[in-house]
Amino acid sequence: AQSVTQLGSHVSVSEGALVLLRCNYSSSVPPYLFWYVQYPNQGLQLLLKYTSAATLVKGINGFEAEFKKSETSFHLTKPSAHMSDAAEYFCAVSDQAGTALIFGKGTTLSVSS
Amino acid sequence: GAVVSQHPSRVICKSGTSVKIECRSLDFQATTMFWYRQFPKQSLMLMATSNEGSKATYEQGVEKDKFLINHASLTLSTLTVTSAHPEDSSFYICSAHDRAHSGYTFGSGTRLTVV
Numbered sequence: 002a003q004s005v006t007q008l009g010s011h012v013s014v015s016e017g018a019l020v021l022l023r024c025n026y027s028s029s030v031p032p033y034l035f036w037y038v039q040y041p042n043q044g045l046q047l048l049l050k051y052t053s054a055a056t057l058v059k060g061i062n063g064f065e066a067e068f069k070k071s072e073t074s075f076h077l078t079k080p081s082a083h084m085s086d087a088a089e090y091f092c093a094v095s096d097q098a099g100t101a102l103i104f105g106k107g108t109t110l111s112v113s114s
Numbered sequence: 002g003a004v005v006s007q008h009p010s011r012v013i014c015k016s017g018t019s020v021k022i023e024c025r026s027l028d029f030q031a032t033t034m035f036w037y038r039q040f041p042k043q044s045l046m047l048m049a050t051s052n053e054g055s056k057a058t059y060e061q062g063v064e065k066d067k068f069l070i071n072h073a074s075l076t077l078s079t080l081t082v083t084s085a086h087p088e089d090s091s092f093y094i095c096s097a098h099d100r101a102h103s104g105y106t107f108g109s110g111t112r113l114t115v116v
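As given, the protein sequences belong to chains A and B, one line each in that order.
When you line the first sequence up against our numbering, it's residues 2 to 114, in that order.
When you line the second sequence up against our numbering, it's residues 2 to 116, in that order.
Among the hints, a few may not be true.
[What the hints assert, rightly or not] Only pairs whose alpha carbons sit at most 35 Å apart, straight line, appear in this in silico DSBU-like list of lysine-lysine:
#	chain 1	residue 1	chain 2	residue 2
1	B	Lys21	A	Lys106
2	A	Lys106	B	Lys65
3	B	Lys42	A	Lys70
4	B	Lys65	B	Lys42
5	B	Lys42	B	Lys67
6	B	Lys67	A	Lys106
7	B	Lys56	A	Lys106
By construction, these hints were calculated from the structure, which means they are not laboratory data.
In isolation and in its complexed conformation, chain A is listed as follows (with noise of 0.2 Å):
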């Protein structure tokens, strides 16, 4: 079974610093990933996905992800944090398009002035 470990329950950063959110994921086949993002008291919204194509995902509001089959990590990174940044960061995997997507337990960014 899949699943995704997300290391950090807590990444806190300066305004303007890089921003490094660590997930590992564990699959018996080739994953598709997601990093999703949430704001208090509502739904995900999506920042990038991983489908076999590129390893270097480009996202939403200068998000990035690369996926390293060796190291069976997909690492989301942003060059420079924004106060607007501070949310819950949440990776999930799924072993197959249309399957239900596993959720690590997420990490808090909190940006600091």
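Could you slot chain B onto chain A? The hints should help.
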């Protein structure tokens, strides 16, 4: 883009009553929808997978008689929490798979409080 509308956004009900939550795909047909539950400051836990025209598939530990899921059309799935108790208070989120765009779209969630 694909939009999923979830209603109500908030509901407060008395213990012992039932509550229905609706999830609609507005601009695409969703043959499969998913229902998740999220406790405060925790991740989303998959409750069930709902397929149009067939019975839902529930995850282990989820009471199917308590959480009734109906997916009678390609654009609507409902979750009914029957005989609700305070421990059912949670944030419920639906998701629909948009086959045309290989994506998953989420509703905005329903905050259920049972008093």
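Each hint tested on the structure:
{"no.": "1", "hint": "B:Lys21 <-> A:Lys106", "verdict": "holds (27 Å)"}
{"no.": "2", "hint": "A:Lys106 <-> B:Lys65", "verdict": "holds (25 Å)"}
{"no.": "3", "hint": "B:Lys42 <-> A:Lys70", "verdict": "holds (30 Å)"}
{"no.": "4", "hint": "B:Lys65 <-> B:Lys42", "verdict": "holds (25 Å)"}
{"no.": "5", "hint": "B:Lys42 <-> B:Lys67", "verdict": "holds (24 Å)"}
{"no.": "6", "hint": "B:Lys67 <-> A:Lys106", "verdict": "holds (25 Å)"}
{"no.": "7", "hint": "B:Lys56 <-> A:Lys106", "verdict": "holds (29 Å)"}
In terms of the numbered hints stated before, the structure departs from none.
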